[in-house]
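Top line first, the protein sequences correspond to chains A and B. Under my numbering, the residues of the first sequence are numbered 2 to 548, in order. Under my numbering, the residues of the second sequence are numbered 41 to 492, in order.
Hints are supplied without guarantee of correctness; some may be wrong.
Claimed, not checked - Among chain A residues calculated to face chain B with C-beta under 8 Å, some are: (1) 41; (2) 48; (3) 52; (4) 59; (5) 69; (6) 131; (7) 163; (8) 218; (9) 221; (10) 450.
By construction, these hints were calculated from the structure, which means they are not laboratory data. Glycine included, every Cβ here is placed at the ideal spot set by N, Cα and C.
The residues making up each chain are set out below.
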Amino acid sequence: MTDPGTTATLWEELVTSALLGTDRRTPPADIMVPGKEAPLALLDAAALHTVRRRAGLLPAPAAELPGRAPHDGRRKLPEKAGKRLAQLLADRSAPSGGGRRGTAPDLTELLPQWLAAANGHGYAVPAAALPALLDAARGRTDLRPQALAFAGPRGLWLARLNPDWKFALRGASGGSALPDLADAEAVGRLWDEGLFAERVALLGAVRARDARAAPELLASTWSAERAEDRLMFLDSLRTGLSAADEPFLEQALADRSRNVRSTAAELLSALPGSALALRMATRAATCVSLDRGAGGPGGGPAVVVEAPHECDADMQRDGVTPVPPAGRGERSWWLGQLVEAAPLATWPDRLGGRTPAEIVALPVLDDWADELHAAWCRAAVRQQDAAWSAVLLGPPAVSPAAGPGASSIAERAKLLAALPAGERADWVAAFIAAHGLSEAFQLLGVCAVPWSEPLGRAVVDALDIARDAGSYPWSFSGVMGLAERCLDPAEAARLELLTAIPDEPEGASPGAGGYWSEAFRRLVATLRLRADMLTELAEQTESDSSN
Amino acid sequence: MNQLGVRWTSEQVLALAPDHASRKAGTKLSTPAPWSEAGSTAEGVVWGLCKGSGSKPYQTVVDTTGPAYKCTCPSRKFPCKHALGLLMLWAEGEATVAAAEPPDWAGQWLAGRRKREEAKAGQEDGPDGAGSAKTADPEAARRRAERRAARITAGATELEQRLADLLRGGLAAAEQTGYGLWEETAARMVDAQAPGLAGRARELGAIPGSGPGWPVRLLEESALLRLLTAGWLGLDRLPEPLATTVRTRTGLPSPAEGPPVRDHWLILAQYNTSDGKLTTRRIWLYGRDSGRSALLLSFGAAGRSPQLALPVGLMVDAEITPHGGAGQLRADWGEQLGPPVPVPAPPPGGPTAAALAAYGSALRDDPWLDSWPVTLTGVVPVPGVADGWQLADADGRSALPVAPAALGRPGLWKLAALSGGAPVTVFGECGHRGFDPLAAWSEESSAMVPLI
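Using the sequences and the hints, build the whole thing.
This is the structure in structure tokens:
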């Protein structure tokens with residue numbers, strides 16, 4: 002009817018009249034109707050235009066489409082497991098931690114376990130769960146590695162679109178799609194252009210395939226990387242560290258960043274056959290020697306320590322920090338670093354062919370014992386040496402304060418981590434049986450999940466004893482929370498007995514029995530839920546294998 | 041019909057929750073620990089005793105065919121967390137809530153409920169239909185209606201005068217006069233018993249603060265309001281369906297009187313909006329067999345959740361009763377005739393241009409429509425284009441902007457994740473402000489993903 006150009010002009014005139022007011026600006030004559038006030042005539046014309054414009058709306062030109070997310074070849078999550086995930090993610094805003102009460106499981110705490118299990122099964126994330134998953138990982142750094150692995154290539158694709166999820170692009174490997182490693186050009190391109198997380202993942206994959214190719218890849222761009230990135234690349238070498246990495250690490254000892262230098266030195270010292278480890282062994286050996294007689298109490302043999310007198314340039318190049326922290330003597334500071342970095346195999350040869358146990362038992366002259374044993378502890382941790390760790394830990398029943406080297410619980414936890422899983426659990430079980438739960442929290446944290454039966458039983462027994470003693474359960478809330486996450490779900494039936502409200506013993510804290518019952522009921526409920534979770538995740542596997 | 045007792049999934053249960061807090065609280069109660077004497081029947085009745093903080097446990101019973109809920113707890117939420125927790129537990133299967141005979145307290149409620157239902161059904165089937173329940177004195181009712189119409193007419197005339205004054209003095213001045221003038225006008229319209237006019241008048245007051253381009257929006261909305269008052273004042277000259285639309289838009293209740301429509305209804309979206317005093321719940325349905333869209337509205341006073349709640353993502357064989365009026369989609373939920381099943385496939389849809397065309401045609405019947413329910417097929421969400429989002433046709437040529445109401449909702453990120461850059465099917469409301477996505481389907485999976 003009306004040509005669009007005229008319509009647009011007419012509309013502009015209507016708007017102008019409306020803005021200024023019809024008293025000041027008479028609307029166009031052709032909309033005026035005899036007998037109708039000008040403002041109403043204007044409104045009627047505007048209504049016609051508005052409805053006509055809305056009815057004639059056309060789509061806008063599209064902006065550039067986002068590229069497609071890489072294909073995720075992993076298996077589809079079983080339906081029930083998908084619902085469980087949604088439930089775990091939905092609960093994450095719930096307050097958790099201190100003063101937890103009630104009998105309902107704390108779902109947030111189960112998320113890491115769920116993610117680890119799902120990743121173990123090789124499932125792909127359901128796309129609709131991705132935003133909640135990334136939000137959860139944003140708030141909790143402990144979740145990130147598992148969450149990002151589960152989020153996979155689509156998670157990384159999505160994270161690029163939202164600044165809130167930037168962490169994912171630098172975080173863990175992200176499980177992104179890697180090029181065919183035999184395709185040198187594709188590998189080179191991703192190495193040059195990829196996101197940091199993709200490059201770390203690529204480096205890991207290349208190393209797993211060919212240990213010698215990885216340092217070459219690193220060296221190709223090394224001088225152009227930021228110090229922060231150089232440090233993280235070096236750190237990623239920690240897993241699967243081998244002699245093939247030595248030449249590259251040796252070069253990194255001359256890096257311009259001090260953190261990079263010291264990390265390179267630390268990694269080299271963890272390689273017992275490396276040139277650096279041998280240099281450190283030589284240095285350390287000159288400081289520690291055996292006095293074959295008369296030195297020790299009763300005239301037996303003893304260890305004599307002569308700490309270094311200087312920290313020369315070579316030592317510094319090998320990662321020894323010259324300046325001690327406040328309150329520590331220079332020479333003992335240097336000694337500690339030398340012994341820590343020297344291969345533990347140095348000592349049996351140096352100290353009369355003794356076993357680690359015999360060496361640790363030797364008296365040390367002139368009050369050097371604490372310094373020396375502490376350095377051996379750090380060496381055992383760094384070199385993940387089970388034999389030395391076991392010796393330095395000492396028997397679990399001995400009071401922590403009387404241990405040979407590791408007096409603090411934190412140091413003991415680190416040594417424990419170097420033991421095989423079974424030995425570790427047995428040691429902690431014996432520790433709990435002897436000392437109760439009050440100091441066991443950190444030690445429990447390094448035990449494999451689910452807890453072995455002896456360990457689980459030791460923890461439950463100790464909780465039972467604490468209950469009988471009449472204390473409140475929240476004094477043990479840390480261990481209780483760990484037990485919810487780490488006890489073998491198969492224990493649930495046995496624990497049911499403990500959920501009854503006990504008679505209140507004399508001298509018990511008022512109402513404690515009821516609270517314990519509540520705490521144990523939550524424990525049982527959580528174990529049942531974990532069992533369900535794992536069953537749900539396993540379901541697909543069974544039907545897959547039957548197909 | 042014996043399928044009615046089919047256990048729902050916990051997701052379907054959670055979809056009934058009135059708000060996020062209840063959802064969370066319900067989940068916490070979905071473990072066997074606090075429950076005793078829980079049981080269910082094959083007809084879909086579920087009951088249990090829930091230990092609360094008091095000495096006496098709460099009695100909770102749910103009839104899933106309604107669904108209808110009863111709980112002795114003091115919560116004003118509906119369904120309460122106990123009903124939700126119980127249903128979640130029931131959803132897990134026979135092991136947690138086994139089949140049993142209902143205890144007396146549950147049986148009584150149920151019997152009463154069934155009796156009322158029968159009575160209602162009998163009434164509707166009666167010879168004079170719904171009319172029999174109405175007032176005994178039609179003459180008095182007619183006089184009341186006349187009085188109300190006269191008040192609305194006075195209100196509409198006054199509103200027109202105010203609009204004319206606004207245009208005479210110029211919109212530029214409206215920024216100074218501000219909110220108060222329109223608040224007061226809205227109050228006058230409430231007095232005139234024209235809540236539809238009141239709502240629109242109140243919205244006019246918010247436009248000058250709504251950012252760039254507000255004078256044009258104010259002109260458009262003032263013009264549409266004048267169109268409505270003019271429609272009311274000339275009601276007797278309008279064809280009946282349009283007259284009903286004008287009455288409804290003005291704020292007169294239009295009863296659900298259309299013949300009931302039985303269909304397999306896809307429950308596509310359910311969401312609440314609130315103006316501070318009143319919570320409005322909108323539930324979008326799509327009839328698989330008739331191809332008809334329907335909107336269920338229910339209302340709750342401040343702090344109370346609207347009563348009606350349907351499980352989003354399910355399809356139910358049921359009857360609805362449409363309200364009158366041209367282009368009106370509103371309907372009332374009727375009897376549920378079969379068990380809910382997951383929505384099997386999205387409604388048929390089309391590209392972006394078809395969605396706008398559908399909105400355009402709907403405006404013919406109701407020019408006051410802000411949006412129209414449509415399904416877009418093969419569109420790619422384009423996040424964050426100049427602060428906005430788009431849904432673009434897969435060929436990358438045309439696109440609809442995402443409506444401002446949807447921006448900042450987490451559902452948009454869900455949509456982007458679901459798509460991964462590939463085309464998806466999206467159900468939503470399409471209108472002059474853009475497209476508001478409410479549910480989506482990806483290429484790989486037939487499962488419907490709610491976005492709100």
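Status of the hints after comparison with the structure:
With 8 Å as the threshold, the beta carbon of residue 41 of chain A comes within range of chain B, its nearest partner Cβ sitting at about 6 Å, so the hint holds. The restraint placing residue 48 of chain A at the interface with chain B holds, with a minimum CB-CB distance near 4 Å, inside the 8 Å limit. With 8 Å as the threshold, the beta carbon of residue 52 of chain A comes within range of chain B, its nearest partner Cβ sitting at about 4 Å, so the hint holds. Nearest Cβ of chain B to the Cβ of residue 59 of chain A: about 7 Å, under the 8 Å cut. The hint holds.
Taking 8 Å as the C-beta cut-off, the interface hint given for residue 69 of chain A holds, the closest approach to chain B being about 4 Å. A distance limit of 8 Å between C-beta atoms decides the matter here; for residue 131 of chain A the minimum to chain B is near 4 Å, and the interface restraint holds. Taking 8 Å as the C-beta cut-off, the interface hint given for residue 163 of chain A holds, the closest approach to chain B being about 7 Å. Because the smallest distance between the Cβ of residue 218 of chain A and any Cβ of chain B comes to about 29 Å, over 8 Å, the interface hint for this residue is violated.
The closest approach between the C-beta of residue 221 of chain A and any C-beta of chain B is roughly 31 Å, which is over the 8 Å cut-off, so the hint fails. Because the smallest distance between the Cβ of residue 450 of chain A and any Cβ of chain B comes to about 22 Å, over 8 Å, the interface hint for this residue is violated.
Hint check: violations occur at hints 8, 9 and 10; the rest are consistent with the structure.
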